[in-house]
Amino acid sequence: MDLLKVEHLAKTYPKFKLQDINFSLPEGQIMGLIGKNGAGKSTILKSMLNLVNPDSGTVYFFGQNIKENELEIKKQIGVVLGGVDFYQQKKISTLAKVTSRFYDNWDQVAFEHFLKEFEIDLTKTPKELSAGMKVKLMIALALSHDAKLFIFDEPTSGLDPVSRDDLLNLFKELVATGKRSILFSTHITSDIEKCADSISYIKNGELLESADKETFMDSFAYLKEPTDQKPLTLEEIMVRVEGEHHYDI
Amino acid sequence: MISNLLYKELRLAAHPNLFIFALMGPLVLVPSYPYTMVFTFCCIGIYVNFMYARETNDLYYSALLPIKKSDVVKGKVAVTVTAQLASLIISVPFAIINQVIFHTENKAGIAANIAFYGVGLIIFGLFNLVFLSEFFKTVYRAGNAFIKALIPVLIVQILVEVLAHFPGATWAQNVTNSNWLGQTILLVVGLIIYLILTYTSFKISVRRFAQVNL
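These protein sequences, in sequence, are chains R and G. If you're matching positions, the first sequence starts at 1 in my numbering and goes up one per residue. If you're matching positions, the second sequence starts at 1 in my numbering and goes up one per residue.
Mixed in with the good hints there might be a few duds.
[Stated by the list, open to error] Only pairs whose alpha carbons sit at most 30 angstroms apart, straight line, appear in this in silico DSBU-like list of lysine-lysine: (1) R:K36 with R:K5; (2) G:K69 with R:K5; (3) R:K91 with G:K68.
[As the list claims (entries may be wrong)] Facing chain R, from chain G, some residues (calculated, C-beta under 8 angstroms): (4) L6; (5) L12; (6) T56; (7) N57; (8) Y61.
[Unchecked claim] Label-pair distances were calculated between CB atoms; the ranges are: (9) G:F19 with R:S56: 39 to 49 angstroms; (10) R:N69 with G:I44: 53 to 63 angstroms; (11) G:L6 with R:E244: 48 to 58 angstroms; (12) G:L154 with R:T58: 47 to 57 angstroms.
Source of the hints: derived by calculation from the structure; they are not laboratory data. Quantities reported herein were computed from a predicted structural model and do not represent experimental measurements. In this text, a Cβ means the ideal position worked out from N, Cα and C, and glycines have one as well.
Isolated chain R (complex conformation) (with noise of 0.2 angstroms):
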């Protein structure tokens, strides 16, 4: 079953358009959404999730349509925004106790155990947590509710590689069980070769492709040049599809 399904999704801004996106998140599975910095990806996020009006298009979660059933929808998933922090100041008790009254499956214990696994004191504020400790900290809220789908809008920018392959590991072991997803979106792309089953990218507003690694791979192998010996990495397809761009300066 496909946990996310995304048909013709559109968005115009004045000086940007986001035109006929479509993919889909099969269950246990983990999707990178690459482009480069304002390609879309985060408009893309947003638009799914009702936070961003998007003109037209149809988004699926778990077979419903978000338009009519964003409640339920919205208790099953779990989302990390980037660069967006909340509440620098309370303590995570105190956001722990306010966020699982909206959840009627909420379990303490569970959420008490993850922090343990992440090594987050319950008495901190995400203010003194590093930047992967926070998304940690969603990690373990969502898990709290028993969400089956993550979306993360570049939940690994800023972090040194340990923390990144630290909490990549972390995504896969999310997935392991075959019962829940991940579309997270990225620039690096070291990430998703590291644990992505399928690629979508993103270039001005468009997708250029959406597949499985392998198939994604291959389909942008007429950019291999004479002189590569080896097989494109992602970064060199992301940087030959992108182009140079030259300075009059």
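Take the given structure of chain R and dock chain G to it, following the hints.
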């Protein structure tokens, strides 16, 4: 649901100044003071609270909870109404002390009488109509919304404090056997205006917030 929303507002989103500015009731004990300032202080606390919500990304967090977008607005309106009613109720014992024990007329303007609370409710209603509706247009221009909301607040405030000096303005004087009924009518009218304006501001805010791209 409303209790969960209000709980979230008070435990997570509220700025301490919201509570401090709602506690200005004892000002009605100050001799010769424009008592309508009690309401203006409360409005300042509400403005700070909205600014704080913006800084803590409260609206993002709320929008991701399993609630409707209109419930995000409902939570904010609920905490605003709570602060305003608290500010009125907290001042009541001090107003009674003023009327019963001190008995002195307020030389600065309106007395801490029954009509005073009707005026407060009108001020709060006008504030809500402009401030909430303006804020939910963008959910970040809190300062702009506050400046615009201050205009009707100050107009009513100045009008009341000035008219209180006119001869025969018994509605603005201490409660006596002859003027309590008129003052009570003003209180009821104020309450009706408050309810209508606050409900209207809620409706407008919901409609505007639905169009906002977070």
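A quick look at each hint next to the structure:
no., hint, verdict
1, R:K36 with R:K5, "holds (23 angstroms)"
2, G:K69 with R:K5, "holds (22 angstroms)"
3, R:K91 with G:K68, "holds (26 angstroms)"
4, L6, "violated (11 angstroms)"
5, L12, "holds (5 angstroms)"
6, T56, "holds (5 angstroms)"
7, N57, "holds (5 angstroms)"
8, Y61, "holds (5 angstroms)"
9, G:F19 with R:S56: 39 to 49 angstroms, "holds (45 angstroms)"
10, R:N69 with G:I44: 53 to 63 angstroms, "violated (41 angstroms)"
11, G:L6 with R:E244: 48 to 58 angstroms, "holds (56 angstroms)"
12, G:L154 with R:T58: 47 to 57 angstroms, "holds (49 angstroms)"
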